[in-house]
Amino acid sequence: MENSIEIERLVKRFGNFVAVNGISLDIKKGEVFGLLGPNGAGKTTTISMILGIVKPTEGKITINGIDSKKETNKLKSEINLMAQETIIDPDLTAKENLYVAARLYHINNKNINESIKKGLEDSELLSFANKKAGSFSGGMKRRLYLAKCLINKPKIIILDEPTTGLDIQNRNKLWDVIKSLQKEGVTTILTTQYLEEADKLCNRIAIIDKGKVIAIGTPSELKRMVSKGQIIEIVFKKEDVQKAAKILLSSFNIKTNIIEDRLEAIIENDAVTMIPKIIKELEKFKISVLSLSLHLPTMDDVFLKLTGSKIRDSSKGTNDEKIKIKK
Amino acid sequence: MSSISDIFTIYIREMLIFKSNLKSNIIRALAFPIVIILLFGNISASTFESHVLVVNYAQNPQSYAFINDLVQTQTLLISNITSENSAINQLHNSQTSAVIVILPGFPNTNNNNPTVDIYYSATGFSAIGSVLSTVQSTISTLGGNTNLAEQAFSNQEVNKASPVSDIELYGASTNYKSFLIAGVLGLVAAFGALFGGGISLINDRDLGTLKSFLIAPINKNSIIVGKILAGTTQSVLYVFLALLIGLADGATIAMGMLGVLLIFVIAIVISIGFSGIATLMASKIKKIEAYTIFAFLIGLALWFISGALLPTTAFPGYLNLISNVNPLSYAVSAIRDIMLVGYLPISSTIIDFSVFGIFLLAGILLSFILFKKNIN
Chain U
1 MENSIEIERL VKRFGNFVAV NGISLDIKKG EVFGLLGPNG AGKTTTISMI LGIVKPTEGK
61 ITINGIDSKK ETNKLKSEIN LMAQETIIDP DLTAKENLYV AARLYHINNK NINESIKKGL
121 EDSELLSFAN KKAGSFSGGM KRRLYLAKCL INKPKIIILD EPTTGLDIQN RNKLWDVIKS
181 LQKEGVTTIL TTQYLEEADK LCNRIAIIDK GKVIAIGTPS ELKRMVSKGQ IIEIVFKKED
241 VQKAAKILLS SFNIKTNIIE DRLEAIIEND AVTMIPKIIK ELEKFKISVL SLSLHLPTMD
301 DVFLKLTGSK IRDSSKGTND EKIKIKK
Chain H
1 MSSISDIFTI YIREMLIFKS NLKSNIIRAL AFPIVIILLF GNISASTFES HVLVVNYAQN
61 PQSYAFINDL VQTQTLLISN ITSENSAINQ LHNSQTSAVI VILPGFPNTN NNNPTVDIYY
121 SATGFSAIGS VLSTVQSTIS TLGGNTNLAE QAFSNQEVNK ASPVSDIELY GASTNYKSFL
181 IAGVLGLVAA FGALFGGGIS LINDRDLGTL KSFLIAPINK NSIIVGKILA GTTQSVLYVF
241 LALLIGLADG ATIAMGMLGV LLIFVIAIVI SIGFSGIATL MASKIKKIEA YTIFAFLIGL
301 ALWFISGALL PTTAFPGYLN LISNVNPLSY AVSAIRDIML VGYLPISSTI IDFSVFGIFL
361 LAGILLSFIL FKKNIN
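Protein chains in written order, with our numbering: chain U, 1 to 327; chain H, 1 to 376.
These are computed hints drawn from the structure, not numbers from a lab. Hints are not guaranteed to be accurate.
To be verified - Below are the EDC-like pairs computed for lysine to aspartate or glutamate, each with C-alpha atoms no more than 16 Å apart in a straight line:
| # | chain 1 | residue 1 | chain 2 | residue 2 |
| --- | --- | --- | --- | --- |
| 1 | U | K284 | U | E233 |
| 2 | H | K220 | U | E71 |
| 3 | H | K23 | U | E71 |
| 4 | U | K212 | U | E58 |
| 5 | H | K19 | U | D91 |
| 6 | H | K211 | U | E221 |
| 7 | H | K211 | U | D160 |
Unchecked claim - Label-pair distances were calculated between CB atoms; the ranges are:
| # | chain 1 | residue 1 | chain 2 | residue 2 | range |
| --- | --- | --- | --- | --- | --- |
| 8 | U | E71 | H | K373 | 50 to 58 Å |
| 9 | U | K153 | H | T292 | 52 to 60 Å |
| 10 | U | E2 | H | I4 | 33 to 41 Å |
| 11 | H | I4 | U | M225 | 49 to 57 Å |
| 12 | U | E184 | H | I12 | 26 to 34 Å |
| 13 | U | K131 | H | T292 | 24 to 32 Å |
| 14 | H | T292 | U | K238 | 51 to 59 Å |
| 15 | H | I4 | U | K153 | 32 to 40 Å |
For every residue, glycine included, the Cβ atom is placed at its ideal position computed from N, Cα and C.
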């Protein structure tokens with residue numbers, strides 16, 4: 001598959017601070033590429049360099065075969081960004097918002113009305129076209145913003161935490177949009193705090209930490225990097241937890257993590273057949289299992305293992321947001 | 001070509017935002033000036049000590065006695081000056097209330113020619129009345145000249161051949177309100193730019209709009225140019241409305257339609273210049289609340305010392321000094337010439353427009369440089 005974006009040994013220094021420290025990446029045409037990393041890892045700086053609003057200290061970015069240092073305006077007209085914050089003019093109507101966006105991307109007078117109409121239809125705001133955007137609900141504002149970002153029919157779209165703060169309905173709609181963009185051959189770069197979102201949507205994911213790519217691959221490749229086995233979680237009565245942990249270690253040589261009333265462990269081989277054996281063994285000691293689950297490692301586990309922090313620990317989000325992430 | 005279209009895009013966006021809050025924008029821009037016109041416009045300024053320059057061509061004992069008598073009245077602040085031209089210039093620049101020229105041959109008046117010329121610019125507020133009556137009563141004490149003295153103060157006796165032959169327009173038919181409205185127009189233009197461009201820049205930075213401009217395939221400079229143009233358009237509109245209110249309130253424009261056009265030109269210059277100050281402040285101040293306080297402080301301070309409320313003659317020396325480097329002073333004095341005198345005196349026009357040129361250039365350069373710094 002052809003590469004849409006090629007990043008070679010990209011470095012960005014701000015004074016003594018190295019924000020991006022030699023990142024090399026290839027992003028293929030039409031793929032949804034996830035860019036994950038704790039806050040301050042260098043995601044935003046990398047994105048800003050792709051967008052051409054920050055100049056790299058060293059390295060090279062090639063977009064659709066063109067060096068990003070040259071023909072900046074031509075490249076800019078083929079890329080768009082949907083930022084974390086909803087960037088719309090609250091004093092303008094939905095229609096005026098799209099009109100200004102269309103003019104910014106030099107959409108000619110012939111097509112401008114058509115583009116605006118399509119934007120309003122896609123964002124389901126046709127009947128609110130002449131209402132001030134400031135009066136819209138959060139979801140409507142976000143949809144209008146997305147329509148603004150797609151007005152230039154970008155070949156590459158960068159979505160920076162696009163679903164933060166969205167309700168489930170709007171989030172699912174946005175996921176559908178991302179999938180349909182992919183069908184149209186649009187290359188998507190996605191950053192998100194929701195690891196399951198990255199897992200679900202991305203063809204490939206790069207994990208960035210301290211300005212470097214520390215892992216890159218498909219979600220399942222990354223998960224296999226963490227562990228070939230599966231993760232078991234068993235819930236007990238709180239007084240039984242310590243004892244159960246000892247039994248698992250002595251009888252099955254399974255090292256466990258104790259989290260309150262819960263044990264977490266990785267079972268390398270034959271996890272499914274192990275389960276009845278574990279339950280039987282525990283019953284011998286009169287320890288009852290309240291609940292048990294078995295799953296493949298999640299992106300959460302990948303993230304934790306590679307960066308040493310849970311994404312929610314590193315996020316600056318409010319408590320509300322953190323709760324949402326935990327869900 | 002595309003840059004012009006980009007500038008127009010930004011301009012359209014700013015104007016659409018302006019239009020969407022039209023009512024509150026206009027109320028905000030005009031409420032303060034209206035209050036000033038209504039409240040200050042009606043105060044009497046007669047309590048100010050009137051400064052008068054005396055040019056003594058006669059140089060005879062009678063003339064000295066006359067000047068001495070004027071000093072003795074203690075209502076006038078008399079200064080002697082040898083050059084009539086420089087005295088008239090000071091009058092134009094609002095540095096004095098009146099100029100008394102004692103003609104050779106004073107106090108003899110064989111052929112009914114005037115023996116004293118009085119130029120007064122005191123802007124119509126009642127101070128000039130006290131100047132005239134003081135001079136008149138002083139002359140009458142010289143005896144035998146009472147009749148002639150009265151003639152000397154009739155309108156015909158003002159020296160019409162002099163370079164300020166229309167000088168009577170300065171005071172004869174106007175009042176403090178007209179004097180003030182010229183100053184208020186300067187305020188409206190300056191505040192229009194301070195509260196238009198600067199706030200929109202801070203807002204755009206806060207809301208992320210600036211970012212969405214920067215990632216679009218447009219020329220970066222077109223952003224600031226579009227903003228300045230939109231801010232200037234709004235300022236001119238405010239000035240136009242303030243002028244209408246002024247005219248409805250009894251002010252006149254001696255220069256007529258050409259004067260209106262010139263007032264707009266001055267408003268454009270002031271607005272662009274103040275856009276530079278607005279960009280300077282907006283690049284340093286992150287919060288709109290703080291910006292508003294600073295903009296008010298700087299805008300009001302510059303306005304007060306521009307001679308918009310009082311003639312700069314009322315200022316102590318250090319304020320006069322600041323007033324001389326304040327671009328708004330020149331705008332206010334030029335608008336006043338347009339509205340009250342009816343033409344722009346050559347000498348002060350050259351100074352006024354040189355100051356405007358420098359201010360305009362500084363405003364544009366400041367905006368460009370700081371905006372560029374800001375977005376990097």
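Each hint tested on the structure:
| no. | hint | in the structure |
| --- | --- | --- |
| 1 | U:K284 to U:E233 | violated, 20 Å |
| 2 | H:K220 to U:E71 | holds, 15 Å |
| 3 | H:K23 to U:E71 | violated, 43 Å |
| 4 | U:K212 to U:E58 | holds, 14 Å |
| 5 | H:K19 to U:D91 | holds, 9 Å |
| 6 | H:K211 to U:E221 | violated, 35 Å |
| 7 | H:K211 to U:D160 | holds, 13 Å |
| 8 | U:E71 to H:K373: 50 to 58 Å | violated, 25 Å |
| 9 | U:K153 to H:T292: 52 to 60 Å | violated, 41 Å |
| 10 | U:E2 to H:I4: 33 to 41 Å | holds, 37 Å |
| 11 | H:I4 to U:M225: 49 to 57 Å | holds, 54 Å |
| 12 | U:E184 to H:I12: 26 to 34 Å | holds, 30 Å |
| 13 | U:K131 to H:T292: 24 to 32 Å | holds, 29 Å |
| 14 | H:T292 to U:K238: 51 to 59 Å | holds, 58 Å |
| 15 | H:I4 to U:K153: 32 to 40 Å | violated, 24 Å |
Going through the hint list in order, the structure does not satisfy hints 1, 3, 6, 8, 9 and 15.
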